[in-house]
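Chains A and B, in that order, are what the protein sequence lines are.
Take 1 as the starting number for the first sequence in the numbering used here and just add one per residue.
Take 1 as the starting number for the second sequence in the numbering used here and just add one per residue.
FYI, nobody ran anything at the bench for these hints, they're computed from the structure.
Treat the hints with care, as some may be off.
Here are the simulated EDC-like pairs of lysine to aspartate or glutamate, each with C-alpha atoms no more than 20 angstroms apart in a straight line [as the list claims (entries may be wrong)]: (1) B/K160 with B/D289; (2) B/K160 with A/D355; (3) B/K160 with A/D289; (4) A/K305 with A/D359; (5) B/K160 with A/D286; (6) A/K160 with B/D286; (7) A/K160 with B/D289; (8) A/K337 with A/E405; (9) A/K160 with A/E247; (10) A/K160 with B/D166; (11) A/K305 with A/E362; (12) B/K160 with B/E362; (13) B/K451 with A/D393; (14) B/K305 with B/D359; (15) B/K160 with A/D372; (16) A/K160 with B/D105; (17) A/K337 with A/E299; (18) B/K451 with B/D105; (19) B/K305 with B/E362; (20) A/K305 with A/D355.
As the structure is a prediction and not an experimental result, all values here were calculated from the model.
Number of protein chains: 2
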Amino acid sequence: MTPPVGNPLLAALAEALPPEALGTADVELALHRYDAAPFSEAGRPAVVVRPETVEQVRHVLRVARALGVPVVPQGARTGLAGGANAVDGCVVLSMVRMNRILEIDRANRLVRCEPGVITADLAAAVAGEGLCYPPDPASWETCTIGGNIATGAGGLCCVKYGVTADYVLGLTVVLADGEVLRVGRDTVKGVAGYDLTRLFVGSEGTLGVIVEATLALRPPRPPELALLASFASARDAGAAAGAIIREGHVPSALELMDRATTEAVAALGHPLLAGAGGATLIVASDAPDAAARVRAMAELCREAKALSVAVAEDDERCRQVLDARRMVMPALGAVAKGLPGAMTAFVEDVAVPRDRLADLVERVEEIAGEYDLYIATVGHAGDGNLHPTVLFDRADRSAVRRAREAYDAIMAAGLELGGTITGEHGVGVLKREWLARELPPRGLRLQRDIKRLLDPDGLLNPGKVLA
Amino acid sequence: MTPPVGNPLLAALAEALPPEALGTADVELALHRYDAAPFSEAGRPAVVVRPETVEQVRHVLRVARALGVPVVPQGARTGLAGGANAVDGCVVLSMVRMNRILEIDRANRLVRCEPGVITADLAAAVAGEGLCYPPDPASWETCTIGGNIATGAGGLCCVKYGVTADYVLGLTVVLADGEVLRVGRDTVKGVAGYDLTRLFVGSEGTLGVIVEATLALRPPRPPELALLASFASARDAGAAAGAIIREGHVPSALELMDRATTEAVAALGHPLLAGAGGATLIVASDAPDAAARVRAMAELCREAKALSVAVAEDDERCRQVLDARRMVMPALGAVAKGLPGAMTAFVEDVAVPRDRLADLVERVEEIAGEYDLYIATVGHAGDGNLHPTVLFDRADRSAVRRAREAYDAIMAAGLELGGTITGEHGVGVLKREWLARELPPRGLRLQRDIKRLLDPDGLLNPGKVLA
Numbered sequence: 001m002t003p004p005v006g007n008p009l010l011a012a013l014a015e016a017l018p019p020e021a022l023g024t025a026d027v028e029l030a031l032h033r034y035d036a037a038p039f040s041e042a043g044r045p046a047v048v049v050r051p052e053t054v055e056q057v058r059h060v061l062r063v064a065r066a067l068g069v070p071v072v073p074q075g076a077r078t079g080l081a082g083g084a085n086a087v088d089g090c091v092v093l094s095m096v097r098m099n100r101i102l103e104i105d106r107a108n109r110l111v112r113c114e115p116g117v118i119t120a121d122l123a124a125a126v127a128g129e130g131l132c133y134p135p136d137p138a139s140w141e142t143c144t145i146g147g148n149i150a151t152g153a154g155g156l157c158c159v160k161y162g163v164t165a166d167y168v169l170g171l172t173v174v175l176a177d178g179e180v181l182r183v184g185r186d187t188v189k190g191v192a193g194y195d196l197t198r199l200f201v202g203s204e205g206t207l208g209v210i211v212e213a214t215l216a217l218r219p220p221r222p223p224e225l226a227l228l229a230s231f232a233s234a235r236d237a238g239a240a241a242g243a244i245i246r247e248g249h250v251p252s253a254l255e256l257m258d259r260a261t262t263e264a265v266a267a268l269g270h271p272l273l274a275g276a277g278g279a280t281l282i283v284a285s286d287a288p289d290a291a292a293r294v295r296a297m298a299e300l301c302r303e304a305k306a307l308s309v310a311v312a313e314d315d316e317r318c319r320q321v322l323d324a325r326r327m328v329m330p331a332l333g334a335v336a337k338g339l340p341g342a343m344t345a346f347v348e349d350v351a352v353p354r355d356r357l358a359d360l361v362e363r364v365e366e367i368a369g370e371y372d373l374y375i376a377t378v379g380h381a382g383d384g385n386l387h388p389t390v391l392f393d394r395a396d397r398s399a400v401r402r403a404r405e406a407y408d409a410i411m412a413a414g415l416e417l418g419g420t421i422t423g424e425h426g427v428g429v430l431k432r433e434w435l436a437r438e439l440p441p442r443g444l445r446l447q448r449d450i451k452r453l454l455d456p457d458g459l460l461n462p463g464k465v466l467a
Numbered sequence: 001m002t003p004p005v006g007n008p009l010l011a012a013l014a015e016a017l018p019p020e021a022l023g024t025a026d027v028e029l030a031l032h033r034y035d036a037a038p039f040s041e042a043g044r045p046a047v048v049v050r051p052e053t054v055e056q057v058r059h060v061l062r063v064a065r066a067l068g069v070p071v072v073p074q075g076a077r078t079g080l081a082g083g084a085n086a087v088d089g090c091v092v093l094s095m096v097r098m099n100r101i102l103e104i105d106r107a108n109r110l111v112r113c114e115p116g117v118i119t120a121d122l123a124a125a126v127a128g129e130g131l132c133y134p135p136d137p138a139s140w141e142t143c144t145i146g147g148n149i150a151t152g153a154g155g156l157c158c159v160k161y162g163v164t165a166d167y168v169l170g171l172t173v174v175l176a177d178g179e180v181l182r183v184g185r186d187t188v189k190g191v192a193g194y195d196l197t198r199l200f201v202g203s204e205g206t207l208g209v210i211v212e213a214t215l216a217l218r219p220p221r222p223p224e225l226a227l228l229a230s231f232a233s234a235r236d237a238g239a240a241a242g243a244i245i246r247e248g249h250v251p252s253a254l255e256l257m258d259r260a261t262t263e264a265v266a267a268l269g270h271p272l273l274a275g276a277g278g279a280t281l282i283v284a285s286d287a288p289d290a291a292a293r294v295r296a297m298a299e300l301c302r303e304a305k306a307l308s309v310a311v312a313e314d315d316e317r318c319r320q321v322l323d324a325r326r327m328v329m330p331a332l333g334a335v336a337k338g339l340p341g342a343m344t345a346f347v348e349d350v351a352v353p354r355d356r357l358a359d360l361v362e363r364v365e366e367i368a369g370e371y372d373l374y375i376a377t378v379g380h381a382g383d384g385n386l387h388p389t390v391l392f393d394r395a396d397r398s399a400v401r402r403a404r405e406a407y408d409a410i411m412a413a414g415l416e417l418g419g420t421i422t423g424e425h426g427v428g429v430l431k432r433e434w435l436a437r438e439l440p441p442r443g444l445r446l447q448r449d450i451k452r453l454l455d456p457d458g459l460l461n462p463g464k465v466l467a
């Protein structure tokens, strides 16, 4: 690293941080500019700091405040809204070395951990104690639990098990002034004072830096059974998903793939999708009566004009069915490779009331036509949460412009259908103008007031969430 | 009512409220001074206003602000912390006439309603549409959904189904300045901006007045099976409850009754408690494999040295088992009648980590001895949430003093055991000094800052939650 001599920020940081915690090499700074969102603006950090203790985090925030330097907390940078993008001259506060699991408490079904723990590592560790941490964002093998909390991450199984926010009992946060604040509790229930825990969940590092979390756990999930149904159209698949919900089923996954996604996964060789139709539904159950549930849900698919229904009643067939969903991103990657140009995938995230799902899928198909773009939509049908993925040539200025316009059109469609601009990815820099369209003016003002209350100097992840 | 002539508050209110919405009769004012908490200070309201529209609520808040008059929102006044108690000269804003169910949406499994709807009415209405609103606070047949939301109410089934807060998707709130704010959403998922919905849930009317709620619903609950186990001590019963949780069961009720409660319910004639021991556990399951679950949990009770275990595998026996829990308050009422003096019941509410439950029960038994009081404890063992009920003669000054001291000792014990001063009843006026002991100074400061942000003049339910 560059010696801190002559740079007051580095010199001040070095007073309480070891040299190996401070990164200033060009490649390191470049590497920490962006998360996984395309289109998103990012500045160049002054330094990447990797603290290992709460005291070190406090020191960073005190120094930043004293010098008026912005601080951008980062986890694994798998976010899809630019929420972890650097701003010019900032301290990137990379939490990845604070990755200890502090306690797994079987009697109280909870875990205490630091924010840098990889979600899959956390899940594996608690599984080793006979417990389960259900939230499963797509990036769960690389993303951090701190990032999950900061973005309010979701996943496939939330249709039954809820989102990250539902598991956060308590947090320790370092505030903008370097003070440590403990919010929430270690008990299952508690209503002592205003709920500050939920205020920090999903706040994307703009209100404080999460340095520890207490998370609720569940008993292990029973084995899943699943079905895959092909439909002529997303409308039929949406009707089947609606019937499943209306009939009172609580599937552990209820995923919809549109025509483009179905074709891409079929092209990658998934046996159940050969010759499939215009949409696919993948439904799983881990209920104690999963076999009966899956059969009943298969019948509802048939009643909703499914072209074919494959029911997987053993582990192997079940894995095959669920693989169709897991193959979506690799399949779109293969499609991108086959297209001319420097293709980039842009994963969108909108949520609508469950019964408007098919409307949104159809609207996205129209948008693909209007903007002459390849868009493949997959989504959590049980939650009304869709992810249209736009593939575009980032070297083609017209394609980039059209992709951005299509992105805006998709969000507008989500709002028109009574939905929200983000179901689980967050606002970041990408959607802050859209947040102002979704929220009423008074709500937006209150959001700003809360930001000002907790970060009066505006140094915590500036420009994220709120414009 | 008294004509408003000469009273600027009444005159201003009458400008946009019909005469029948304004109550000033002495009996009416007296009736609206207190909720169901004993020991709690209360003032005398200037007027009881019963709005029927959002516009009327806005008018009340605008008038109150212009004249500097405090506003105390009330539901059914079943609260147990004095959170709805009047303050001198206030407007009591009784929301009971805003009691319409606006929409039950089967496709999206949600309901929109006004705050004055009785919880049981809401549950019945959605059940009529084949859906379920699970939260079941003890007062559910009389309390209002607005009060449930404002206090963050719990209940018996939250060990499996969660608390009121978990069902609130969105709220419409009238702020202190009379502006209407819509927070949250109609979608299952959503992370657009800071979570302001949870900020209002449990805020006890101190941040705004809830005028509409969008609540998530579930499929109907399957029929329950249950068991009742008698133990020599609360420690043994607590060990059985711990084993049930540790073995990965998710019961739909897991209730513990201490010696005094067990004896009281036995004395009222419950057949399964005749000759029972020092503690009782009531466990229910509504899982699809409920019969197997209940048998397995019964075996865990036997392994934990249960003196007897009654497994109810049909509806009638199940009702009998669950009746033991429902009989607790009538049984304590009967005990109170049998004691000399003007007996009053004081229901406490503390929550501790699940594995400290037996410690808390034992500590409460010690406290009963130390203060020479009758205390019967019943609680949600699966949540670590206990309700010690203190019976004392309100005409006996020494007994009143001892009851208050015992109350403080119980809260201190809860905090010592790593718990919280309130699991589901709220802070109100009763526990605001204790809130300051539970929260760290910085947390308390932030709570006050948020209060000031939303209610700069301090007119919304003043003196509640925060001292």
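Non-conforming hints, listed in increasing numerical order: 2, 8, 12, 13, 15, 17 and 18
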